[in-house]
Amino acid sequence: MSEKIADYYDNYPDDKGHFGKYGGRFVGETLMEAIYALEEAYNHYKDDPEFQAEMDKDLADYVGRPSPLYHAENWSKKLGGAQIYLKREDLNHTGAHKVNNTIGQALLAKRMGKTRIIAETGAGQHGVATATVAARLGIECVVYMGAEDVQRQAQNVYRMKLLGAEVIPVESGSRTLKDALNEALRDWVTNVDNTFYIIGTVAGPHPYPEMVRDFQTIIGREARNQILKSAGKLPDALIACIGGGSNAIGLFHPFIADESVAMYGVEGGGHGIETGKHAAPLCAGSPGVLHGNRTYLMQDKNGQIIETHSVSAGLDYPGVGPEHALLKDIGRANYVSVTDDEALQAFHDLTRTEGIIPALESSHALAYATKLAPTMTPDQILLVNLSGRGDKDMHTVAALSGLNFEDQK
Amino acid sequence: MSRISQCFEKLKADGQTALISYITAGDPEPWVTVPMLHALVDAGANILELGVPFSDPMSDGPVIQKACERALKNNVSIHNVLDMVRQFRERDTTTPIVLMGYTNPLEVMGYETFAQKAQEVGVDGVLTVDLPPEESEQFLPIMDKHKIDTIFLVAPTTTQERMAYIAEHAKGFIYYVSIKGVTGTAVLDVTEVENKTLQLKQITDLPIGVGFGIRNGQSAAAVSKIADAVVVGSTLVRCIEEHAENPEALPAAVAAILAEMRHAINASDMA
Numbered sequence: 001m002s003e004k005i006a007d008y009y010d011n012y013p014d015d016k017g018h019f020g021k022y023g024g025r026f027v028g029e030t031l032m033e034a035i036y037a038l039e040e041a042y043n044h045y046k047d048d049p050e051f052q053a054e055m056d057k058d059l060a061d062y063v064g065r066p067s068p069l070y071h072a073e074n075w076s077k078k079l080g081g082a083q084i085y086l087k088r089e090d091l092n093h094t095g096a097h098k099v100n101n102t103i104g105q106a107l108l109a110k111r112m113g114k115t116r117i118i119a120e121t122g123a124g125q126h127g128v129a130t131a132t133v134a135a136r137l138g139i140e141c142v143v144y145m146g147a148e149d150v151q152r153q154a155q156n157v158y159r160m161k162l163l164g165a166e167v168i169p170v171e172s173g174s175r176t177l178k179d180a181l182n183e184a185l186r187d188w189v190t191n192v193d194n195t196f197y198i199i200g201t202v203a204g205p206h207p208y209p210e211m212v213r214d215f216q217t218i219i220g221r222e223a224r225n226q227i228l229k230s231a232g233k234l235p236d237a238l239i240a241c242i243g244g245g246s247n248a249i250g251l252f253h254p255f256i257a258d259e260s261v262a263m264y265g266v267e268g269g270g271h272g273i274e275t276g277k278h279a280a281p282l283c284a285g286s287p288g289v290l291h292g293n294r295t296y297l298m299q300d301k302n303g304q305i306i307e308t309h310s311v312s313a314g315l316d317y318p319g320v321g322p323e324h325a326l327l328k329d330i331g332r333a334n335y336v337s338v339t340d341d342e343a344l345q346a347f348h349d350l351t352r353t354e355g356i357i358p359a360l361e362s363s364h365a366l367a368y369a370t371k372l373a374p375t376m377t378p379d380q381i382l383l384v385n386l387s388g389r390g391d392k393d394m395h396t397v398a399a400l401s402g403l404n405f406e407d408q409k
Numbered sequence: 001m002s003r004i005s006q007c008f009e010k011l012k013a014d015g016q017t018a019l020i021s022y023i024t025a026g027d028p029e030p031w032v033t034v035p036m037l038h039a040l041v042d043a044g045a046n047i048l049e050l051g052v053p054f055s056d057p058m059s060d061g062p063v064i065q066k067a068c069e070r071a072l073k074n075n076v077s078i079h080n081v082l083d084m085v086r087q088f089r090e091r092d093t094t095t096p097i098v099l100m101g102y103t104n105p106l107e108v109m110g111y112e113t114f115a116q117k118a119q120e121v122g123v124d125g126v127l128t129v130d131l132p133p134e135e136s137e138q139f140l141p142i143m144d145k146h147k148i149d150t151i152f153l154v155a156p157t158t159t160q161e162r163m164a165y166i167a168e169h170a171k172g173f174i175y176y177v178s179i180k181g182v183t184g185t186a187v188l189d190v191t192e193v194e195n196k197t198l199q200l201k202q203i204t205d206l207p208i209g210v211g212f213g214i215r216n217g218q219s220a221a222a223v224s225k226i227a228d229a230v231v232v233g234s235t236l237v238r239c240i241e242e243h244a245e246n247p248e249a250l251p252a253a254v255a256a257i258l259a260e261m262r263h264a265i266n267a268s269d270m271a
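Note that the protein sequences, when read in sequence, are chains H and Y. All residue numbers for the first sequence refer to my numbering, where the first residue is 1 and numbers rise by one. All residue numbers for the second sequence refer to my numbering, where the first residue is 1 and numbers rise by one.
The set of hints was computed from the structure by calculation and includes no laboratory data. Here the structure is a predicted model, which is why all the values come from computation and not from measurement. Positions of the beta carbon are idealized from the N, C-alpha and C atoms, including for glycine. Be careful, since some hints might not be right.
[Claimed, not checked] As a list, the in silico DSSO-like pairs of lysine-lysine whose alpha-carbon atoms are at most 30 Å apart:
no.	chain 1	residue 1	chain 2	residue 2
1	H	LYS16	Y	LYS201
2	Y	LYS12	H	LYS301
3	Y	LYS145	Y	LYS180
4	H	LYS229	H	LYS16
5	Y	LYS147	H	LYS16
6	Y	LYS147	H	LYS21
7	Y	LYS117	H	LYS301
[Claimed, not checked] So the derived label-pair ranges between C-beta atoms look like this:
no.	chain 1	residue 1	chain 2	residue 2	range
8	H	GLU40	Y	PRO141	48 to 58 Å
9	Y	GLU29	H	ASP300	18 to 28 Å
10	H	ILE306	Y	GLU29	32 to 42 Å
11	Y	GLN199	H	GLY113	21 to 31 Å
12	Y	ALA256	H	ASP329	26 to 36 Å
13	Y	GLN218	H	MET394	54 to 64 Å
14	H	GLY276	Y	GLN199	28 to 38 Å
15	H	GLY402	Y	ARG215	50 to 60 Å
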């Protein structure tokens with residue numbers, strides 16, 4: 001085992017929140033005390049048996065965990081290679097992996113005595129998962145969402161409103177996830193005394209990348225046990241889609257020391273890397289500082305963040321969690337991309353062969369599986385994180401297929 | 001002694017409060033930035049803050065956000081900003097200039113390359129709002145080597161212990177952010193500012209500048225009683241926004257606003 005991997009769990013992040021040269025605490029002074037207070041609270045409660053017990057109970061009875069690991073036999077046969085297993089995060093309450101994290105942060109917010117919750121959202125899954133836990137706690141919830149995303153994820157906007165959240169469309173910049181994050185940070189600066197900011201991905205300033213990862217590793221811990229039980233061995237490869245990277249790190253992290261397990265993070269290739277219209281900072285970006293951490297970014301030669309494109313709102317983000325930046329540099333995980341068209345094809349394929357309608361985000365992981373599986377043998381195992389379900393994407397997919405959703409007979 | 005320290009010493013000897021102006025470089029047109037800087041100095045600015053435009057200005061309110069968007073529409077880069085400083089220095093070799101902005105443009109240019117060029121064109125200080133002392137391990141010695149003062153923010157949420165930590169790393173002056181919030185969104189609370197400024201003065205000998213929330217002569221005068229410097233930003237940038245279609249009028253327009261502030265501060269200094 002290489003040295004970096006042997007010490008991995010001890011070293012990353014370090015006590016300043018650094019994953020090698022990535023991560024850190026790059027925020028304005030007004031927020032510094034808030035992120036230190038959060039770090040202190042998190043470090044205190046993460047080992048508190050009462051906190052853990054409450055979280056475990058919520059994850060079991062409210063979220064419906066453990067989520068199944070499903071052997072997709074039809075699809076495996078059709079692709080003619082590895083056996084494909086799907087980790088069914090789409091079956092969680094609210095329809096995606098996002099709720100694993102919002103449950104944890106909400107319990108923390110309650111213990112810290114905060115009376116207001118804010119969040120940013122791209123596809124709306126994190127916004128819905130946040131509005132859900134806020135409804136349950138009975139506290140005020142404000143969700144920032146890029147105006148463009150409000151339009152393409154109208155159904156999730158309505159869900160959030162039903163749950164009692166206020167959804168604020170963000171009109172600045174590219175009107176997508178990154179601008180929603182800027183606006184949420186501005187809100188936090190202004191209302192720092194009573195407000196808890198539930199970040200939805202493994203980005204932002206320390207301790208968010210570590211804390212969100214810890215809440216999401218339930219995916220990988222369950223999957224590891226489940227595959228050992230059902231197949232009697234570890235998988236040969238893992239695949240997960242990457243926007244900010246929370247479902248991917250949640251799956252990958254418990255397998256990092258298992259060096260025989262290859263890992264593939266799939267970014268939004270948009271119209272193709274060569275066109276420049278994509279959302280693939282790990283494949284085609286460079287290191288920089290944004291939203292509180294140092295990581296790979298989509299940026300121009302002067303350090304300005306450039307607009308991204310992906311058919312999937314949840315992947316449409318110019319940065320990525322700092323731990324993925326480290327895993328890329330040390331070569332422990334591979335980062336690849338698939339195009340909008342390839343993801344859509346996989347969306348339809350899985351729907352027709354397995355009767356499972358995946359989210360467009362997760363369809364990127366599935367699309368890469370269609371490339372990788374045929375290069376493997378039937379005794380090998382490919383474990384794909386099906387991070388969310390596709391209900392929210394009906395309008396997008398229908399429109400791309402030339403169908404007017406409202407007019408169908 | 002740095003140009004910033006000299007400036008504060010001289011003002012102190014004269015019993016005057018420093019007036020610091022902020023505008024975003026390249027907003028609304030690149031050509032008008034240097035004429036505006038000269039006009040601001042003529043109207044009574046003692047130190048110039050020049051904003052380096054960034055696509056994602058997370059600590060700024062809508063006014064400065066839009067200023068960044070206008071500047072970026074003109075493709076104003078950190079290289080252009082440094083060129084503007086060089087041009088300004090052709091006529092003014094005494095007024096200190098502080099570049100204010102976010103970490104990423106400096107990070108991508110490279111700290112060393114930036115510092116070398118900044119020193120060469122006559123930049124005196126740098127304030128990167130999302131680079132706290134915790135993340136400045138590489139940044140500080142490089143700026144130091146090139147004699148660029150590193151200015152840090154102190155906020156209403158900053159504890160006394162942390163103030164001392166920040167003061168250890170700060171050079172030139174300390175910038176007290178007078179409101180909990182982003183730039184240009186609220187009016188400051190004078191009593192709160194006074195308390196924090198007094199706390200800071202017990203910890204450091206560095207001059208204290210106060211900004212975020214100073215809108216008019218009245219608030220400028222109130223702050224000048226407490227602080228060593230008054231920073232005016234969003235009010236100037238709002239004026240720039242109003243005249244964005246007519247940039248020829250801008251040097252005179254921003255000068256008029258600053259002159260009112262100067263007048264109010266002088267009256268208060270004399271009182």
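Tested hints:
1. H/LYS16 with Y/LYS201: 29 Å, holds
2. Y/LYS12 with H/LYS301: Judged against 30 Å, a Cα distance of about 43 Å means the pair is violated.
3. Y/LYS145 with Y/LYS180: Distance of about 34 Å is beyond 30 Å: violated.
4. H/LYS229 with H/LYS16: 38 Å, violated
5. Y/LYS147 with H/LYS16: Judged against 30 Å, a Cα distance of about 28 Å means the pair holds.
6. Y/LYS147 with H/LYS21: 26 Å, holds
7. Y/LYS117 with H/LYS301: 17 Å, holds
8. H/GLU40 with Y/PRO141: 48 to 58 Å: Given about 30 Å between the Cβ atoms, the range is violated.
9. Y/GLU29 with H/ASP300: 18 to 28 Å: Distance hint for Y/GLU29, H/ASP300 holds at roughly 21 Å.
10. H/ILE306 with Y/GLU29: 32 to 42 Å: Hint violated: Cβ distance 23 Å, outside 32 to 42 Å.
11. Y/GLN199 with H/GLY113: 21 to 31 Å: Given a distance of about 25 Å, which is inside 21 to 31 Å, the answer is holds.
12. Y/ALA256 with H/ASP329: 26 to 36 Å: Cβ of Y/ALA256 to Cβ of H/ASP329: about 53 Å, so the range 26 to 36 Å is violated.
13. Y/GLN218 with H/MET394: 54 to 64 Å: With a Cβ separation near 57 Å, Y/GLN218 and H/MET394 satisfy 54 to 64 Å, so the hint holds.
14. H/GLY276 with Y/GLN199: 28 to 38 Å: 50 Å, violated
15. H/GLY402 with Y/ARG215: 50 to 60 Å: Since the Cβ atoms of H/GLY402 and Y/ARG215 sit about 54 Å apart, the hinted range of 50 to 60 Å holds.
Taken one by one, the earlier hints fail for this structure at numbers 2, 3, 4, 8, 10, 12 and 14, listed in ascending order.
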